[in-house]
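Spelled out from the first residue to the last, the chains are:
Number of protein chains: 2
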Amino acid sequence: MDVWGDSYTIGKWQDLIVETLESGDSTPIFNINPKDTREFDAIFLGGGAAGRFGAAYLRALGGRVLIIDRWPFLGGSCPHQACVPHHLFSDCAAQLMLERTFSSKLWFQNLEDKIVSIKNIVDLFRNGRTGPHAVMNYQSKEQLGLEFVLNAESEIIDANTVKIGKRKYQAKNLVLALGAKPLVADIPGASLKGVFNSLTLVEKLDYEPGNTIVVIGGGKSAIEYGCFFNATGRRTLVIARHQLMPMLKDAESRSYAILMMEEQGMEFLEYAEISNIQGDLQGKVKSVSIRTADGTINVDTDFVFMGLGEQANSEMIAQKLALETGEKGFIKINRHMQTSVHNVYAVGDVTGSPMEMFKARKEGVCAAKNIMGQTSEYKAADYPDFMHTHYEVCWLGLSEEEARQRHANVKVMKLPPDNPNGLDVGLPAGDRMMLYLMAKPRMSGFQKLIIDGDTRKILGAFHIGYGAKDGFQYLNFLVKKGLTIDDLADMDELFISPSYFIQLCRLRAGDPHFNNM
Amino acid sequence: MDVWGDSYTIGKWQDLIVETLESGDSTPIFNINPKDTREFDAIFLGGGAAGRFGAAYLRALGGRVLIIDRWPFLGGSCPHQACVPHHLFSDCAAQLMLERTFSSKLWFQNLEDKIVSIKNIVDLFRNGRTGPHAVMNYQSKEQLGLEFVLNAESEIIDANTVKIGKRKYQAKNLVLALGAKPLVADIPGASLKGVFNSLTLVEKLDYEPGNTIVVIGGGKSAIEYGCFFNATGRRTLVIARHQLMPMLKDAESRSYAILMMEEQGMEFLEYAEISNIQGDLQGKVKSVSIRTADGTINVDTDFVFMGLGEQANSEMIAQKLALETGEKGFIKINRHMQTSVHNVYAVGDVTGSPMEMFKARKEGVCAAKNIMGQTSEYKAADYPDFMHTHYEVCWLGLSEEEARQRHANVKVMKLPPDNPNGLDVGLPAGDRMMLYLMAKPRMSGFQKLIIDGDTRKILGAFHIGYGAKDGFQYLNFLVKKGLTIDDLADMDELFISPSYFIQLCRLRAGDPHFNNM
Chain Y
47 MDVWGDSYTI GKWQDLIVET LESGDSTPIF NINPKDTREF DAIFLGGGAA
97 GRFGAAYLRA LGGRVLIIDR WPFLGGSCPH QACVPHHLFS DCAAQLMLER
147 TFSSKLWFQN LEDKIVSIKN IVDLFRNGRT GPHAVMNYQS KEQLGLEFVL
197 NAESEIIDAN TVKIGKRKYQ AKNLVLALGA KPLVADIPGA SLKGVFNSLT
247 LVEKLDYEPG NTIVVIGGGK SAIEYGCFFN ATGRRTLVIA RHQLMPMLKD
297 AESRSYAILM MEEQGMEFLE YAEISNIQGD LQGKVKSVSI RTADGTINVD
347 TDFVFMGLGE QANSEMIAQK LALETGEKGF IKINRHMQTS VHNVYAVGDV
397 TGSPMEMFKA RKEGVCAAKN IMGQTSEYKA ADYPDFMHTH YEVCWLGLSE
447 EEARQRHANV KVMKLPPDNP NGLDVGLPAG DRMMLYLMAK PRMSGFQKLI
497 IDGDTRKILG AFHIGYGAKD GFQYLNFLVK KGLTIDDLAD MDELFISPSY
547 FIQLCRLRAG DPHFNNM
Chain L
47 MDVWGDSYTI GKWQDLIVET LESGDSTPIF NINPKDTREF DAIFLGGGAA
97 GRFGAAYLRA LGGRVLIIDR WPFLGGSCPH QACVPHHLFS DCAAQLMLER
147 TFSSKLWFQN LEDKIVSIKN IVDLFRNGRT GPHAVMNYQS KEQLGLEFVL
197 NAESEIIDAN TVKIGKRKYQ AKNLVLALGA KPLVADIPGA SLKGVFNSLT
247 LVEKLDYEPG NTIVVIGGGK SAIEYGCFFN ATGRRTLVIA RHQLMPMLKD
297 AESRSYAILM MEEQGMEFLE YAEISNIQGD LQGKVKSVSI RTADGTINVD
347 TDFVFMGLGE QANSEMIAQK LALETGEKGF IKINRHMQTS VHNVYAVGDV
397 TGSPMEMFKA RKEGVCAAKN IMGQTSEYKA ADYPDFMHTH YEVCWLGLSE
447 EEARQRHANV KVMKLPPDNP NGLDVGLPAG DRMMLYLMAK PRMSGFQKLI
497 IDGDTRKILG AFHIGYGAKD GFQYLNFLVK KGLTIDDLAD MDELFISPSY
547 FIQLCRLRAG DPHFNNM
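Residue numbers (the numbering used here), protein chains in the order written: chain Y, 47 to 563; chain L, 47 to 563.
It is possible that part of the hints are untrue.
To be clear about the criterion: a stretch of chain Y counts as covered by chain L if any three or more of its residues have a C-beta under 8 Å from a C-beta of chain L, and this derived list gives those stretches [stated by the list, open to error]: (1) 426-438; (2) 514-527.
Listed next, the in silico BS3-like pairs over lysine-lysine satisfying Cα-Cα at most 30 Å (straight line) [stated by the list, open to error]: (3) L:K218 - Y:K160; (4) L:K81 - L:K218; (5) L:K526 - L:K266; (6) Y:K486 - L:K526; (7) L:K165 - Y:K486; (8) L:K486 - Y:K266.
Hint data in this document are derived by calculation from the structure and do not stem from the laboratory.
Just so you know, even glycine gets a beta-carbon here, dropped at the ideal spot from N, CA and C.
Please take these sequences and the hints and turn them into a complete structure.
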């Protein structure tokens, strides 16, 4: 079908997307301007974070661009299978932790020992996910004026030519924005029914998991989904080959995050690995064997979750175009986003870590600039980061340990302060933290600012709580520009601010030789 | 009692504060260094936001300072009667709106038509509020090395001399940081039992309010407490003399905020006023008479809340020292925080609006600098701002209307976009918004960025949702320094970010003549 001439509201897009997904109709949706006779400067294969942003930028620079995507919507896996369900599940974890903490108190229901349906939450997501898809189609077509073909199986002819059915499209450049998918571990039993990853959980879950869940991995995905499973009331065992949450480098912040998970009943086995997943006669998981330093243990479960990172969606295309790839199929690129093949670029998750939205989008923009004749380089570095436990955990810059290795005079400001009472004190407080503050203050968060006492520059920041994630975006930009304790002390805080960095700095800033706090 | 020589943990402070408050013991708590023979550079009367931060800064600059406060804790009214209970109540409003929206769905209990106890929440606060007090005493004594006298009735002898019991203290300067208290409207019946303001609500509520609550006022306090009362399940009628929420100047943002409150069942009477509050034979409120453009109406209620702004705690001191004061008793100061009397400064809420933490604290710091011989000026301007409805509402800079008056080429980027579907679309999304996004997208927030299309500078930002408040602190600092759409487009977003400003700018930034979005 051709939609170029018609104005599509968000509602009309939503109807079309739902209908196409439900029916499995394979008719492509063409949105191409028949009156534009220019050759395409680029075809973007994949309209997710990297492809859509790259294409929008290329068009903003005055070029002509075509996006081709296999789904009937732009936006890619994020709203369909990745970031959006993850955030929904993490919101549920936060909400359930609160309800369990206040079980039978105030107006709260009794949730003690009650198990909450995972399948109902997954179904809620499946039924609700097309809304953001529709907004992105609307925004791309009506607001950004992009040309695209959706719901399309495309065939790569060569580095300048793509076919969709009988229609052939040519472009000066090809940009591969094909994304990634969860890694499947090479463990006996990994393909049994009941073994899920973040993608298959939302696409294939068709039963209610039992009371024990085994999570494989110790990184972001394993912890985020593990906390959700735990919050639903199930025994949740996390099996990590290495240290938990190695990306959170500040030891004190990591300890707080892990302590709070343990207090919610999460069980961790570090430096352990799954040796085997056993199935029943119907081919469904019934137990796992876990190899630990103390020998092998067996755990009965009907639900195993693999949170092991990602591999590139590059097999076919890499072969077809003879592209150089590395580990896990990630396509090799230089700082201009150029692959080993002339006029072929690659952007986003298909080029490897960090598997984050800003990196995908900025790689897309970088490719667009180079294609349009601007010389542009990009390499993700010095970026802020976050993950969810039952909390939001945000960080930027150096950990206290890293800072002390590099600087002679490191100062720390944190809440709660070091004290014989440990965490059982009434600060920090912030939005969505107030009920904890009043009844169980140790749960009200942890935050820490690392400062170079000589230059007075901020070196790092850490926050476990709620409501600081948006701010870490702006704070990171400032820190990279040399933000000092004196700059922070002069800002206007919105009290009660989830992060206390401004006010803590103000209490100290008058002193040229300030102490920790 | 003298505590200088002893090390007080947070726990020990908490015990002392609770005991003192409960017993009504009027013994002052002296924390004065007997070995320091220097004269005090300043005595701060009041150890709240303005006094404690001013004193800490003065000491950081090398001076000697004494804080005197009538309460057995530092930190002032904020954690005891003002910001902290307000945030607790607003958290409850957010939580209850979510639970009501999802009533009987997923794991949520049935809250339909159920009324939640206000008194239990007030009691929770009363029992929990001493935690932050204890942290501030600990921080002030052990970390900041401040000298203070708490739980003290002080007598002002002259501009340099204060007496506490038989002890007399002299200082080169006196800094008045005495705060403010809620205004009481001059309405017949305003002193009946059952008429509350933010202070008396937490100090005096001793019954469970009935099913109808009348709120007087249309500003921050009235709306914030009104939303809380509404969320508990009660009919809540807000009576405003003027337009609701006049401080939120962007008309579209204000409309969204008001629409969401109306959908929760809030009732508003604008351009109306209470003419009379009627009591029963026991002296308790039984109804109110409201004068509107269409005549007078009567509403039965046993609970009236006055959210009318503040007046200064200045009566006695202004008279004693013959200080110039203005409307509502606010002490007149110049940009150096000097009052009309030599060597007497005034800082914080006692000097008038904005009644915000950053302003109080920065006035305290400004006074400290001037006292210590640095010439410092301060006048609160161009600050970010926020309030709570059931949501967090944040803003900074110019509204769209203000921007169009001052600039020829104003661009707007917002979510959700203008569309025939209005608000019923699936974006924005962000932390704590995901359940709404999936089931009732119109409730998932509104956000707007105002840009000068010529200079590409950000002029204003508005956000209704959760999780952007902390970021507005840093964003405001950047906007004042000339932040552009191109700067934003180059930042690293933490996706899903509650505010979409970075990504929206990136989609447009390639175009020298970008359009609205």
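Each hint tested on the structure:
1. 426-438: holds (count 6)
2. 514-527: holds (count 11)
3. L:K218 - Y:K160: Status violated; Cα separation ~64 Å.
4. L:K81 - L:K218: 19 Å, holds
5. L:K526 - L:K266: Answer holds: K526 (chain L) to K266 (chain L) is near 25 Å, not above 30 Å.
6. Y:K486 - L:K526: 39 Å, violated
7. L:K165 - Y:K486: 19 Å, holds
8. L:K486 - Y:K266: Roughly 29 Å between the alpha carbons, so the hint for K486 (chain L) and K266 (chain Y) holds.
Checked against the numbered hints above, the structure breaks hints 3 and 6 and satisfies the rest.
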